[in-house]
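Chains A and B, in that order, are what the protein sequence lines are. In terms of the numbering used here, the first sequence has 37 at position 37, counting the first letter as 1, and numbering is strictly consecutive. In terms of the numbering used here, the second sequence has 385 at position 385, counting the first letter as 1, and numbering is strictly consecutive.
Read the hints as simulated data drawn from the structure, not as lab findings. All figures in this text were calculated on a predicted structure; none of them were measured in a lab. Be aware that a few hints might be false.
Said to hold, decoys possible - Derived BS3-like pairs (lysine-lysine); straight-line CA-CA distance at most 27 Å:
1) B:Lys371 - A:Lys77
2) B:Lys367 - A:Lys36
3) A:Lys16 - B:Lys336
4) B:Lys290 - B:Lys386
5) B:Lys39 - B:Lys61
6) A:Lys36 - B:Lys371
7) A:Lys36 - B:Lys336
8) B:Lys336 - A:Lys24
9) B:Lys290 - B:Lys371
10) B:Lys386 - B:Lys371
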Amino acid sequence: MDPKDEAFEKAINTIKIELSDQEKVALHDQLGRFQKWLELMEMAETEGSDLHYFGCSVENNMREDRPLESDLEEIRKEAVEFEDGFYLVPRIID
Amino acid sequence: MKATELNALKAAEAINNQEVSATSFVEEIIDYCKELDNKKKIFSHLADEKALEQAAAVDQKVQGGFNLPLAGVPLVIADNYAFKGMPAAIASRTLQNYHPPFSAAAVEKLTGAGAVVIGKTIVGDMGLDTVAEKDKEGSLFKAPLYLAKGGAAAAAAGGCILSLESDSSGITRQTASRNGVFGLRPTPGRVSRFGLNLCCGSFDYPGFAAAHLGDLAVLLQASTGYDERDVMTAANRIQRDKFVYDNNPSRLKIGFFPSYLDFLDAEVADTYEKMHLLCRKIGFKTVDLKLGILQESLRAFYVISYAETSSTLSRFDGIRFGSAAESDDLEEYYFKTRRLTFGSEACRRSIIGTYLLSDENYGRYYKKALKVLNNTRRLFAEMLDKCDLLLMPLYKSASPIAGADFIQTYEENCLTAPVNMAGLPSLAFPGGFQVIAEPFGEEKLLALAENLSIVEEVTGSNSEKGEV
Numbered sequence: 001m002d003p004k005d006e007a008f009e010k011a012i013n014t015i016k017i018e019l020s021d022q023e024k025v026a027l028h029d030q031l032g033r034f035q036k037w038l039e040l041m042e043m044a045e046t047e048g049s050d051l052h053y054f055g056c057s058v059e060n061n062m063r064e065d066r067p068l069e070s071d072l073e074e075i076r077k078e079a080v081e082f083e084d085g086f087y088l089v090p091r092i093i094d
Numbered sequence: 001m002k003a004t005e006l007n008a009l010k011a012a013e014a015i016n017n018q019e020v021s022a023t024s025f026v027e028e029i030i031d032y033c034k035e036l037d038n039k040k041k042i043f044s045h046l047a048d049e050k051a052l053e054q055a056a057a058v059d060q061k062v063q064g065g066f067n068l069p070l071a072g073v074p075l076v077i078a079d080n081y082a083f084k085g086m087p088a089a090i091a092s093r094t095l096q097n098y099h100p101p102f103s104a105a106a107v108e109k110l111t112g113a114g115a116v117v118i119g120k121t122i123v124g125d126m127g128l129d130t131v132a133e134k135d136k137e138g139s140l141f142k143a144p145l146y147l148a149k150g151g152a153a154a155a156a157a158g159g160c161i162l163s164l165e166s167d168s169s170g171i172t173r174q175t176a177s178r179n180g181v182f183g184l185r186p187t188p189g190r191v192s193r194f195g196l197n198l199c200c201g202s203f204d205y206p207g208f209a210a211a212h213l214g215d216l217a218v219l220l221q222a223s224t225g226y227d228e229r230d231v232m233t234a235a236n237r238i239q240r241d242k243f244v245y246d247n248n249p250s251r252l253k254i255g256f257f258p259s260y261l262d263f264l265d266a267e268v269a270d271t272y273e274k275m276h277l278l279c280r281k282i283g284f285k286t287v288d289l290k291l292g293i294l295q296e297s298l299r300a301f302y303v304i305s306y307a308e309t310s311s312t313l314s315r316f317d318g319i320r321f322g323s324a325a326e327s328d329d330l331e332e333y334y335f336k337t338r339r340l341t342f343g344s345e346a347c348r349r350s351i352i353g354t355y356l357l358s359d360e361n362y363g364r365y366y367k368k369a370l371k372v373l374n375n376t377r378r379l380f381a382e383m384l385d386k387c388d389l390l391l392m393p394l395y396k397s398a399s400p401i402a403g404a405d406f407i408q409t410y411e412e413n414c415l416t417a418p419v420n421m422a423g424l425p426s427l428a429f430p431g432g433f434q435v436i437a438e439p440f441g442e443e444k445l446l447a448l449a450e451n452l453s454i455v456e457e458v459t460g461s462n463s464e465k466g467e468v
């Protein structure tokens with residue numbers, strides 16, 4: 001792996017996945033092959049093309065927000081830990 | 001009993017007429033599915049008691065005088081659909097013990113029509129269209145590529161009559177075709193995605209598989225419609241000129257791509273050429289077309305897919321869902337949890353997707369991909385101005401490449417991913433080809449399919465159906 005590839009290191013640190021050095025090298029190699037594969041797309045003629053986000057014309061059909069009935073007991077079953085009406089989650093502020 | 005012995009309408013009719021009870025029918029299918037699953041790992045979860053409860057409820061309604069369009073029809077759903085009371089691990093440790101407290105909209109509609117969910121079928125790591133690799137510990141996905149979409153395999157083997165899946169890059173349609181059954185990806189917006197676990201919001205949409213062509217029409221009719229929980233479902237979107245087919249083939253003009261014949265393996269090229277000749281023989285008008293952007297589109301598809309997936313998967317941090325690592329330090333907690341829970345494909349897409357979206361690379365890859373997406377959409381629209389339907393191959397080679405690396409498996413989708421990018425409905429036939437229509441043109445697809453009922457002449461009578 002190129003030790004100067006800061007963008008790759010930055011991506012790992014942004015997404016926060018622990019990888020061994022060996023796994024980093026393998027993934028960096030895959031990234032290189034993927035970039036090579038993408039060269040054909042980079043060469044595509046797109047002069048004058050707009051950016052487009054969806055394949056077909058889409059429109060959001062908005063509705064007013066309103067509360068829906070739900071079964072709290074069912075939802076609580078999914079919580080890893082639940083106490084006094086609250087989800088227990090790892091402490092994030094010291 | 002194999003479910004392929006019946007189609008949905010016949011099964012529902014027999015149950016509605018009380019010639020057979022939904023409970024006994026479903027019981028037989030479940031017994032068969034258990035045997036099937038022992039031989040081929042198709043199911044991630046078999047419902048058993050839960051299915052019998054549903055079947056008993058159907059029997060009760062039928063005895064009470066209700067006529068249900070899908071009474072007792074066995075349905076399998078992909079593991080990335082939520083169904084209350086069934087686990088939804090989606091082949092990942094991230095959601096290993098997750099039991100959704102709600103059901104997906106499409107599943108609700110189908111069960112509301114009387115269908116019985118008999119089980120959930122395997123999907124790739126986090127529902128990503130992927131190939132099984134020797135995986136790191138995060139993934140529970142152990143199936144070979146040809147079973148990457150277990151629902152199509154279940155439909156082919158007689159484990160169900162209807163199969164509800166998701167179709168992102170086209171593997172659902174490919175798997176259906178390779179297993180000798182039919183697959184359909186409706187126009188985005190026709191079927192609600194509420195309750196479908198999405199990795200790439202732009203391309204992940206529902207798809208169907210069934211052994212009988214008519215059952216796809218039944219599935220489409222029963223699951224379609226506006227859903228206020230998915231704001232992108234079409235509210236009042238139907239074709240501008242409602243298509244009415246009068247059994248006159250000369251009214252339909254079909255586009256072919258002769259230049260693909262050089263690119264396809266001999267077996268697939270032969271089937272495609274036979275289809276071309278068959279369509280002419282039946283009386284359809286045909287027109288030769290060229291589409292030279294497939295390879296660029298395929299790459300753009302994966303850039304967008306990687307980028308969106310990296311963003312979507314970042315919500316799985318072990319705090320609200322899934323397994324979590326032990327750590328007193330928050331940073332370390334995130335790193336360790338994702339190592340523990342993400343499989344190879346999820347890991348690759350998360351990191352490379354974030355890389356592609358970084359300041360340095362955003363314009364070079366992501367913006368470029370969006371422009372290619374626009375070009376792809378425009379070119380397909382221009383072709384569909386010249387004809388009613390397009391007939392394209394589904395894959396280059398009849399057998400997927402065994403042990404292929406990730407780029408080779410992506411290249412398998414070069415004939416399907418661009419169609420999905422363009423937001424067009426596509427119907428896959430056994431034998432390796434697909435018919436494509438304009439958005440919301442599913443009626444045209446099904447009309448053509450009816451005329452191609454002699455398709456068995458081309459595809460070898462679906463003789464491999466059931467030999468998954």
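Comparing the hints with the structure gives:
Proximity of lysine 371 of chain B to lysine 77 of chain A is assessed by CA-CA distance (about 45 Å); at most 27 Å being required, the pair is judged violated. For the given pair, lysine 367 of chain B sits about 18 Å from lysine 36 of chain A by alpha-carbon distance, which is consistent with the 27 Å threshold. Proposed proximity of lysine 16 of chain A and lysine 336 of chain B is supported: the alpha carbons are some 8 Å apart, at most 27 Å. Distance check on the hinted pair: lysine 290 of chain B and lysine 386 of chain B sit about 12 Å apart at the alpha-carbon level, within 27 Å; holds.
A threshold of 27 Å between alpha carbons decides the hint, and for lysine 39 of chain B with lysine 61 of chain B the separation of about 35 Å lies outside it, so the pair is violated. In summary, the hint linking lysine 36 of chain A to lysine 371 of chain B is supported, as the alpha carbons are separated by about 19 Å, within the 27 Å threshold. Using a Cα cut-off of 27 Å, the hinted pair lysine 36 of chain A and lysine 336 of chain B is violated, with the two alpha carbons roughly 31 Å apart. Proximity of lysine 336 of chain B to lysine 24 of chain A is assessed by CA-CA distance (about 15 Å); at most 27 Å being required, the pair is judged to hold.
Among the hinted pairs, lysine 290 of chain B with lysine 371 of chain B is consistent with the structure: their alpha-carbon atoms are about 20 Å apart, no more than 27 Å. Distance check on the hinted pair: lysine 386 of chain B and lysine 371 of chain B sit about 23 Å apart at the alpha-carbon level, within 27 Å; holds.
In the structure shown, a violation is registered for the earlier hints numbered 1, 5, 7, in ascending order.
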